[in-house]
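Peer 1: Residue-level listing of the chains:
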Amino acid sequence: MEHLIDIVLLGLLMITGFAIVRMKSLLAVAMLTSIYSLLSASLFVVLDAVDVALTEAAIGAGISTILMLATVALTSDEEKKSRHTPLLPLAVVTLTGAALIYGTLDMPHYGDPAAPVHQHVASTYLHDTSREIGVPNVVTSVLASYRGYDTLGEVTVIFTAGAGVLALLGYRTRRRNIEGPGIRKLVVLRVIAKLFFPLILLFALYVLFHGDYGPGGGFQAGVIFATGFILYALAFGLGNAQRVIPQPLLRIMAAVGVLIYAAVGIEGILLGGKFLEYGVLADDPVTGQHLGILLIELGVGITVTAVMLIIYYGFVSRRH
Amino acid sequence: MDMVVEILSWILLLGGAAFLLIGAIGVLRFPDFYTRLHAVSVCDTLGAGLVLIGLMLQGGFSLVTVKLLLIFYFMMFSGPTAVHALAHAALRSKLKPLVDDHESR
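Residue numbers (my numbering), protein chains in the order written: chain A, 275 to 594; chain B, 7 to 111.
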């Protein structure tokens, strides 16, 4: 039964991939990549990787589609005709694909419990999480505690991306012309946006603070939070959204999130532990772990929200 | 009792799936943008709603049902609103609906 679902999903993925290649309208391509991400997210659910699925659905199908559409709106909708022949790229792609398929021949069988990846550190993580960290969701414990150093790097990468977009695009604050053109008549959209806006933010907080127990965490929560504000900006105009959460505040927030994360690490050193050792943050090591994970997830959430909104503001404010 | 709930749930699930299928056929078969939108909006809202109610019956009195209820609430509002916004945007960008013009025949 599960194989059937796998085959259908992978088949749909392939069809979507071919459709993306064949399509000339960039708007349609943006929508198709969103569908591609949603299919991948379903595939991750089948593989029981719900944390990754949530991330893929929120980032791939959600916010990156919005950003892609905003980019297409800035440029042209039609794909440019390529001037050189596609033979060389085709050869490169075929060779790379063949090499990758050849590489899979040596890989262990799908779902094999004796595969090296399950023998290395994974068993330690699975075995020790409940005793050392006391968190039901092992993904969160690996991401935030065992591999906290890597996650700090990831947050820094996101922060750098936001800084890069700011440096490239800059931003313009729009003080006048709060009403976007044509939006005045969209009463239905506005009422529903008003209804959903608090619920989306509430759901983001749930995903953020429930990450210890269920799928979720700072990355997903940050994206959902940003999506709430983007919905607000779509329904009520960019000017109003920038009044609610202004650009200078976002720049501070993006830095503050990373700083919270790093400060938790330094606090560990000051209390006599190692960098990012949460056990020393409280009297009881398990409570310390909980506190540390909660704080760094908060930092991740703040940075991701701020950077997503910085990118969105950067693209959309250039349209006018 | 369990049997009744089970049968009812499957009727709802299959009914929902049928409506989704009809909606998909409608998108392929209808002649212009607005009629296609009409097919997809009505059938999707009804189909997804039926599937969700069917799943709620499967879940029984549990946290899953509460979550499904929230998704149901979300779908009931978001689907029609999205289609409304889409139709509005199409009309604003001067996409003419296909009209059966009696006089020109």
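The set of hints was computed from the structure by calculation and includes no laboratory data. It should be emphasised that the depicted structure is a prediction, and the values quoted were computed from it without experimental measurement. We put the beta carbon where it would ideally sit given N, CA and C, even for glycine. Each hint should be verified, as a subset may be incorrect.
[Claimed, not checked] If you only want the chain B side, here are some residues facing chain A, beta carbon under 7 Å, derived:
| no. | residue |
| --- | --- |
| 1 | F67 |
| 2 | T87 |
| 3 | H90 |
| 4 | A93 |
[As the list claims (entries may be wrong)] Here are the simulated lysine to any residue pairs, SDA-like style, with alpha carbons at most 25 Å apart:
| no. | chain 1 | residue 1 | chain 2 | residue 2 |
| --- | --- | --- | --- | --- |
| 5 | B | K100 | A | V462 |
| 6 | B | K100 | A | M297 |
| 7 | B | K100 | A | L463 |
| 8 | A | K468 | B | D106 |
| 9 | A | K468 | B | L97 |
| 10 | A | K468 | B | A54 |
| 11 | B | K102 | A | L463 |
| 12 | A | K298 | B | A96 |
| 13 | B | K73 | A | L475 |
[Said to hold, decoys possible] Pair ranges (Cβ atoms, derived):
| no. | chain 1 | residue 1 | chain 2 | residue 2 | range |
| --- | --- | --- | --- | --- | --- |
| 14 | A | G444 | B | P103 | 53 to 63 Å |
| 15 | B | P86 | A | L369 | 41 to 51 Å |
| 16 | A | P363 | B | H44 | 35 to 45 Å |
| 17 | B | K100 | A | K298 | 19 to 29 Å |
| 18 | A | I294 | B | D38 | 17 to 27 Å |
| 19 | A | G385 | B | H44 | 39 to 49 Å |
Peer 1: For every hint, state whether the structure bears it out.
Peer 2: Tested hints:
1. F67: This interface hint is violated because 20 Å lies over the 7 Å limit.
2. T87: This interface hint holds because 4 Å falls under the 7 Å limit.
3. H90: 5 Å, holds
4. A93: 11 Å, violated
5. K100/B to V462/A: 20 Å, holds
6. K100/B to M297/A: Roughly 23 Å separates the two Cα atoms, so the pair holds.
7. K100/B to L463/A: 20 Å, holds
8. K468/A to D106/B: 38 Å, violated
9. K468/A to L97/B: Holds. K468/A to L97/B sits at ~24 Å (cutoff 25 Å).
10. K468/A to A54/B: 23 Å, holds
11. K102/B to L463/A: 22 Å, holds
12. K298/A to A96/B: This hinted pair holds, its Cα atoms lying about 20 Å apart.
13. K73/B to L475/A: Holds: K73/B and L475/A sit about 17 Å apart, inside 25 Å.
14. G444/A to P103/B: 53 to 63 Å: Given range 53 to 63 Å: violated, Cβ gap about 42 Å.
15. P86/B to L369/A: 41 to 51 Å: 49 Å, holds
16. P363/A to H44/B: 35 to 45 Å: 42 Å, holds
17. K100/B to K298/A: 19 to 29 Å: 22 Å, holds
18. I294/A to D38/B: 17 to 27 Å: For I294/A and D38/B the Cβ distance comes to about 25 Å; the hint holds.
19. G385/A to H44/B: 39 to 49 Å: 44 Å, holds
Hints 1, 4, 8 and 14 from the list above are not met by this structure, while the remaining hints are.
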